[in-house]
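Participant: Residue numbers (my numbering), protein chains in the order written: chain A, 1 to 114; chain B, 1001 to 1112.
No lab work stands behind these hints, which were simulated from the structure alone.
Be careful, since some hints might not be right.
[Claimed, not checked] Chain B regions said to be covered by chain A (calculated; three or more residues, Cβ under 8 angstroms):
#, stretch
1, 1029-1043
2, 1055-1064
3, 1099-1105
[Said to hold, decoys possible] Rough simulated footprint, nothing fancy, chain B against chain A, three-plus residues with beta-carbon under 8 angstroms:
#, stretch
4, 38-49
5, 101-111
[Stated by the list, open to error] Within a straight-line C-alpha distance of at most 25 angstroms, the following computed PhoX-like cross-link-like pairs (lysine-lysine) qualify:
#, chain 1, residue 1, chain 2, residue 2
6, A, 49, A, 77
7, A, 106, B, 1057
8, A, 22, A, 58
9, B, 1001, A, 58
10, A, 22, A, 69
11, A, 49, B, 1013
12, B, 1001, A, 49
13, A, 106, A, 58
Being a predicted model, the structure only gives us computed values, none of them experimental.
In this text, a Cβ means the ideal position worked out from N, Cα and C, and glycines have one as well.
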Amino acid sequence: AQSVAQPEDQVNVAEGNPLTVKCTYSVSGNPYLFWYVQYPNRGLQFLLKYITGDNLVKGSYGFEAEFNKSQTSFHLKKPSALVSDSALYFCAVRDFNSGYALNFGKGTSLLVTP
Amino acid sequence: KAGVTQTPRYLIKTRGQQVTLSCSPISGHRSVSWYQQTPGQGLQFLFEYFSETQRNKGNFPGRFSGRQFSNSRSEMNVSTLELGDSALYLCASSLTSAETQYFGPGTRLLVL
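Isolated chain A (complex conformation) (with noise of 0.2 angstroms):
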């Protein structure tokens, strides 16, 4: 089966600094990858996907992800941490096995302080 894992449960960053949400996946084939993000009491919003070409994919809010196919990742990287950018992201793979349904990791809380 396609699936992703996020090993963070939780990341705390300074504003201002750079930040990193990693992600790696298992599938076979090519991935298709998803991050989103998730505010409290809110739905998920898409950020970014990578379906093939460049291995930097650039995508919305200044977040962009890096895909490593040697080392099987997909991490979320943002140069600067805003105090907003707090939330809940997810990693997900297509799962081709159950048509188009996105597999989605356990999630990561992000955390920036002032």
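The hints should help you fit chain B onto chain A, whose structure is shown.
Facilitator: Same frame as chain A, but now just chain B:
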């Protein structure tokens, strides 16, 4: 464009009752998917509809069902509610099944 809308936003039911949740996709989107989010199990895929047909179903009991109408709006129904059905139910729409899914704000269901 308006985003995905879900109604109601909050719902309280008792065990044994049934519930119907509604989802209106982004205009022009024909695929609607449903997910359940709980603290213990995380985000789990329920089912996906495209052009009024269920294309895929996740690993949930038959108490969970859904449908899609000709205007792409979708409903999901849970019968004989159990305490464990308490969750945030998220609807996502996409242009087609293969396109990026955009999520609504969710319906928070509490079963007492």
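Participant: List, from low to high, the hint numbers that the structure doesn't satisfy.
Facilitator: Number 11 only.
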